[in-house]
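Student: Read off the chains here:
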Amino acid sequence: MSGKRYHIISRGTGWVLLRESANRAYKYFTSKEEAKEQAERFRAQGFDIVIHRNDATVEQWLKAAS
Amino acid sequence: MEQLTAGTNSRGAYYKSVFINCPFDKAYVPLRDSAIFTILACGFQPRIALERSNAAELRLQKIKSLILDSRLSVHDLSRLKSSRKDEFYRLNMPLELGLDLGCASYHAACNDKQLLLLVAEPHTHQRAISDLAGVDVEAHNDSPEELMIILRNWLSLYTTEELNGGAWYWNKYNIFLSHFYASLMSRGYSDREMQKISVPDFIQEVSRWLELQ
Numbered sequence: 205m206s207g208k209r210y211h212i213i214s215r216g217t218g219w220v221l222l223r224e225s226a227n228r229a230y231k232y233f234t235s236k237e238e239a240k241e242q243a244e245r246f247r248a249q250g251f252d253i254v255i256h257r258n259d260a261t262v263e264q265w266l267k268a269a270s
Numbered sequence: 002m003e004q005l006t007a008g009t010n011s012r013g014a015y016y017k018s019v020f021i022n023c024p025f026d027k028a029y030v031p032l033r034d035s036a037i038f039t040i041l042a043c044g045f046q047p048r049i050a051l052e053r054s055n056a057a058e059l060r061l062q063k064i065k066s067l068i069l070d071s072r073l074s075v076h077d078l079s080r081l082k083s084s085r086k087d088e089f090y091r092l093n094m095p096l097e098l099g100l101d102l103g104c105a106s107y108h109a110a111c112n113d114k115q116l117l118l119l120v121a122e123p124h125t126h127q128r129a130i131s132d133l134a135g136v137d138v139e140a141h142n143d144s145p146e147e148l149m150i151i152l153r154n155w156l157s158l159y160t161t162e163e164l165n166g167g168a169w170y171w172n173k174y175n176i177f178l179s180h181f182y183a184s185l186m187s188r189g190y191s192d193r194e195m196q197k198i199s200v201p202d203f204i205q206e207v208s209r210w211l212e213l214q
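Protein chains in written order, with this note's numbering: chain A, 205 to 270; chain D, 2 to 214.
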């Protein structure tokens, strides 16, 4: 289910959190750590989190918490 | 002197073909792949020397054929400078750029060619190729994201399609890569194999995925 996934993606000098089914990012963060903190909340709600490197490749794929 | 012959492409395919003249080193792969994705996602066809492997085809002949087949060309000169002591800088990219410029200048059927010149850092190319002084060159700073936006903006000049914003393509590319790796893993690819996906396979996977979107 692609809608049940959020991606942490580089955006310029910062990072964004993007729901896979959305066309626009949920929020911009100046650091990847901040984006991860927010993403953990979505993970607790049943979303997978895919963390990308700044070249777009996949660094980590965290399965939903429940 | 060998005479230039027409390419193998139809005229319609010629207008949609984008020749990619880029380094083939491992460090460049993320940039190359983001360029391939952008070209396909914007409705064009990437043409690159690695797209086919035929031992009977001389490399230079293949490149000349790709140049003739492509109205648009992307030339990345970011490896003009050697990165460590005793390393030779690469001359393949300037050679292929020269062939393309020659083709556009001397071959009547190709006088509508359009070229995009890329470097890693602004103005560095002028120190190696001073004849390019005054020519517009874009710097991608070795960033696949910046390269994607430069390429998308340039391709928008040569299509009647309404393209999405650069950030949209970057988002989709990230999502594509996650699907791609998941798909390879489910098909039993080893980590080593995943690092060495061929360009034709990559083009096919991107094309398939974009069709489903």
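No lab work stands behind these hints: they were computed from the structure.
Treat each hint with caution, since some may be false.
Said to hold, decoys possible - Estimated spans, in silico, between C-beta atoms of each pair:
(1) Gly250(A) x Lys86(D): 49 to 59 Å
(2) Thr234(A) x Gly44(D): 46 to 56 Å
(3) Arg12(D) x Lys231(A): 30 to 40 Å
(4) Leu96(D) x Ala269(A): 48 to 58 Å
(5) Ser235(A) x Leu164(D): 25 to 35 Å
(6) Tyr159(D) x Asn227(A): 47 to 57 Å
(7) Trp169(D) x Thr261(A): 18 to 28 Å
(8) Arg60(D) x Ser225(A): 41 to 51 Å
(9) Glu263(A) x Asp26(D): 18 to 28 Å
(10) Thr261(A) x Tyr90(D): 20 to 30 Å
(11) Ala269(A) x Arg12(D): 29 to 39 Å
(12) Lys208(A) x Thr125(D): 19 to 29 Å
(13) Gly44(D) x Asn227(A): 10 to 20 Å
(14) Tyr230(A) x Ser106(D): 47 to 57 Å
Said to hold, decoys possible - Okay, derived cross-link-like pairs now, DSSO-like style, lysine-lysine, Cα gap no bigger than 30 Å in a straight line:
(15) Lys236(A) x Lys173(D)
(16) Lys197(D) x Lys236(A)
(17) Lys208(A) x Lys267(A)
(18) Lys197(D) x Lys267(A)
(19) Lys173(D) x Lys208(A)
(20) Lys86(D) x Lys173(D)
(21) Lys27(D) x Lys240(A)
(22) Lys231(A) x Lys82(D)
(23) Lys27(D) x Lys236(A)
(24) Lys267(A) x Lys173(D)
(25) Lys82(D) x Lys240(A)
(26) Lys231(A) x Lys208(A)
All residues carry an ideal CB built from backbone N, CA and C; glycine is no exception.
Student: State for each hint whether it applies.
Tutor: Verification of the hints:
1. Take Gly250(A) and Lys86(D): their Cβ atoms lie about 54 Å apart, and the range 49 to 59 Å holds.
2. For Thr234(A) paired with Gly44(D), a C-beta distance near 34 Å fails the hint of 46 to 56 Å.
3. A beta carbon spacing of about 47 Å between Arg12(D) and Lys231(A) contradicts the range 30 to 40 Å that was offered as a hint.
4. Judged by the Cβ atoms, the range 48 to 58 Å given for Leu96(D) and Ala269(A) holds: they are separated by roughly 54 Å.
5. A hinted range of 25 to 35 Å for the beta carbons of Ser235(A) and Leu164(D) is consistent with their spacing of about 31 Å.
6. Roughly 24 Å separates the CB atoms of Tyr159(D) and Asn227(A), a value that falls outside the hinted 47 to 57 Å.
7. The hinted window of 18 to 28 Å between Trp169(D) and Thr261(A) holds, with their beta carbons roughly 19 Å apart.
8. Taking 41 to 51 Å as the suggested C-beta distance range, the pair Arg60(D) and Ser225(A) conforms, at roughly 44 Å.
9. About 22 Å separates the C-beta atoms of Glu263(A) and Asp26(D), a value consistent with the hinted range of 18 to 28 Å.
10. As the Cβ distance of Thr261(A) to Tyr90(D) is approximately 27 Å, the hint placing it in 20 to 30 Å holds.
11. Distance hint check for Ala269(A) and Arg12(D): the Cβ-Cβ separation is about 56 Å, which falls outside the suggested range of 29 to 39 Å.
12. Range check, Lys208(A) to Thr125(D): Cβ separation about 45 Å, and the 19 to 29 Å hint is violated.
13. About 18 Å separates the C-beta atoms of Gly44(D) and Asn227(A), a value consistent with the hinted range of 10 to 20 Å.
14. For the pair Tyr230(A) and Ser106(D), the supplied restraint of 47 to 57 Å holds, since their beta-carbon distance comes to about 50 Å.
15. This hinted pair checks out: Lys236(A) and Lys173(D) have alpha carbons roughly 19 Å apart, not beyond 30 Å.
16. At most 30 Å may separate the alpha-carbon atoms for a hinted pair to count; Lys197(D) and Lys236(A) meet this at roughly 28 Å.
17. A threshold of 30 Å between alpha carbons decides the hint, and for Lys208(A) with Lys267(A) the separation of about 10 Å falls inside it, so the pair holds.
18. Distance check on the hinted pair: Lys197(D) and Lys267(A) sit about 26 Å apart at the alpha-carbon level, within 30 Å; holds.
19. For the hint pairing Lys173(D) with Lys208(A), the CA-to-CA distance comes to about 16 Å; that is within 30 Å, so the pair holds.
20. Straight-line distance between C-alpha atoms of Lys86(D) and Lys173(D) comes to about 39 Å, which puts the hinted pair past the 30 Å bound.
21. Proposed proximity of Lys27(D) and Lys240(A) is supported: the alpha carbons are some 29 Å apart, at most 30 Å.
22. Between Lys231(A) and Lys82(D), the direct Cα distance comes to roughly 39 Å. Violation of the 30 Å bound is thereby established for this hinted pair.
23. For a cut-off of 30 Å, the pair hint linking Lys27(D) to Lys236(A) stands: about 25 Å separates their Cα positions.
24. Distance restraint check for Lys267(A) and Lys173(D): the Cα-Cα separation of roughly 20 Å lies within the 30 Å cut-off, and the hinted pair is therefore satisfied.
25. In summary, the hint linking Lys82(D) to Lys240(A) is not supported, as the alpha carbons are separated by about 37 Å, beyond the 30 Å threshold.
26. Taken as a hint, the Lys231(A) and Lys208(A) pair is honoured in the structure, with Cα atoms around 17 Å apart against an allowance of 30 Å.
When the structure is compared with the earlier hints, violations turn up for hints 2, 3, 6, 11, 12, 20, 22 and 25 and for no others.
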